[in-house]
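Asks: Taken in sequence, the protein lines are chains G and R. For the first sequence, position 19 (counting from the first letter as 1) is numbered 19 according to my numbering, and the numbering increases by one without interruption. For the second sequence, position 75 (counting from the first letter as 1) is numbered 205 according to my numbering, and the numbering increases by one without interruption.
These are calculated hints, taken from the structure and not from any lab test. Every residue, glycine too, gets a C-beta built ideally from N, C-alpha and C. Worth double-checking, as some hints may not be accurate.
Computed from the model, here is a short list of chain R residues facing chain G with C-beta under 8 angstroms [what the hints assert, rightly or not]:
1. Q147
2. Q148
3. V162
4. E163
5. E179
6. E189
7. V209
8. F212
9. L215
10. E217
11. T222
12. Y226
Here are the simulated distance ranges between beta carbons [claimed, not checked]:
13. G/E104 to R/T142: 17 to 23 angstroms
14. R/E155 to G/E57: 20 to 26 angstroms
15. G/A105 to R/R194: 33 to 39 angstroms
16. R/M131 to G/R91: 16 to 22 angstroms
17. R/T142 to G/E57: 24 to 30 angstroms
Each chain, letter by letter, is given below.
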Amino acid sequence: MRYAILLLGAPYSHQASHSALRFAHALIARGHALQAVFFYHDGVHNAARLAAPPQDERHLTDEWIALHAEHGTSLEVCIAAALRRGLVDEREAVRHGKSGHSLEAPFELTGLGQLIDLGQRCDRLITFAP
Amino acid sequence: MLLHVLNRAPTTSRVYQQALAMMGEEDRLLLVEDGVQGALPQMVRHFSEVHGRLFALREDLASRGLLGRCDASVQVVDVDGFVHLTEQAERTVSWY
């Protein structure tokens, strides 16, 4: 089946990111395809390029990137939720006159329409919330 | 049949009441994260109306030291079982 995950919880504040990652690996292990993870609300912080957790802790941003690299899962970040929390890619940084960017590929800024599309395109959409 | 997923304990949030109110006769309820506390013998009465359709996530029980302490009426599933439940359900609804 085609799955998508909606992640609403911030990393290191709530269990949502860990739960979502665990579920992502389990569904892939059962032979399903994880089409996309949509990061929304405080979940957008999972995409922070500058995240630098202690080395003996899980690096959640890198784990999402690995999921993309190994399984082709797209990592879609709600642009409205991201911009107001200081998560901007290079293009948005220029557009808003910021000196640096905090989000980069494979994470992509996208709109809520993409979430609706995922809901229609995928067989299952599972929400992980704080 | 829908799968409802609840991540709050009955002692900290009343959202479980909304979940129960919205559940259809065939629907199932999976307790995850802090929600697994609802599977304990002293809490499970809150979920009496979904007797036989109540599940709890093994990994979240284990991380809270609650494995083996669930009420006998609760079906314990691991994350693989969680995926299986989502396969069987038409849709999944998360309550938080």
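Asks: Now look at each hint and say whether the structure bears it out.
Replies: Now the hints, each set against the structure:
This hint is violated: R/Q147 has a C-beta 17 angstroms from the nearest C-beta of chain G, more than the 8 angstroms allowed. Of the supplied interface hints, the one on R/Q148 is violated, with its beta-carbon coming no nearer than about 14 angstroms to a beta-carbon of chain G, more than 8 angstroms. Here the hint on R/V162 is kept, as its CB sits about 7 angstroms from the closest CB of chain G, short of 8 angstroms. Interface restraint check for R/E163: the shortest CB-CB distance to chain G comes to about 5 angstroms, inside 8 angstroms, so the restraint holds.
The interface hint given for R/E179 is violated, since its Cβ lies 23 angstroms from the closest Cβ of chain G, which is over the 8 angstroms cut-off. Taking 8 angstroms as the C-beta contact cut-off toward chain G, the hint placing R/E189 at the interface holds, the least distance being around 7 angstroms. For R/V209, the shortest C-beta to C-beta distance to chain G is roughly 4 angstroms, which falls under 8 angstroms, so the interface hint holds. Residue-level restraint check for R/F212 holds (minimum Cβ-Cβ distance to chain G is 6 angstroms; threshold 8 angstroms).
The beta carbon of R/L215 is not positioned within 8 angstroms of any beta carbon in chain G (closest approach about 10 angstroms), and the interface hint is therefore violated. Given hint, R/E217 at the interface with chain G, holds; its Cβ is 7 angstroms from that chain's nearest Cβ, closer than 8 angstroms. At a threshold of 8 angstroms, the smallest CB-CB gap from R/T222 to chain G is about 5 angstroms, leaving the interface hint in force. Proximity of R/Y226 to chain G holds as hinted, the smallest CB-CB distance being about 4 angstroms (cut-off 8 angstroms).
At roughly 38 angstroms, the beta carbons of G/E104 and R/T142 sit outside the given window of 17 to 23 angstroms. In this structure, R/E155 and G/E57 break the distance hint of 20 to 26 angstroms, their C-beta atoms being roughly 44 angstroms apart. The hinted window of 33 to 39 angstroms between G/A105 and R/R194 holds, with their beta carbons roughly 37 angstroms apart. Taking the beta carbon of each, R/M131 and G/R91 are about 44 angstroms apart, not inside 16 to 22 angstroms as hinted.
A hinted range of 24 to 30 angstroms for the beta carbons of R/T142 and G/E57 is consistent with their spacing of about 26 angstroms.
Hints 1, 2, 5, 9, 13, 14 and 16 from the list above are not met by this structure, while the remaining hints are.
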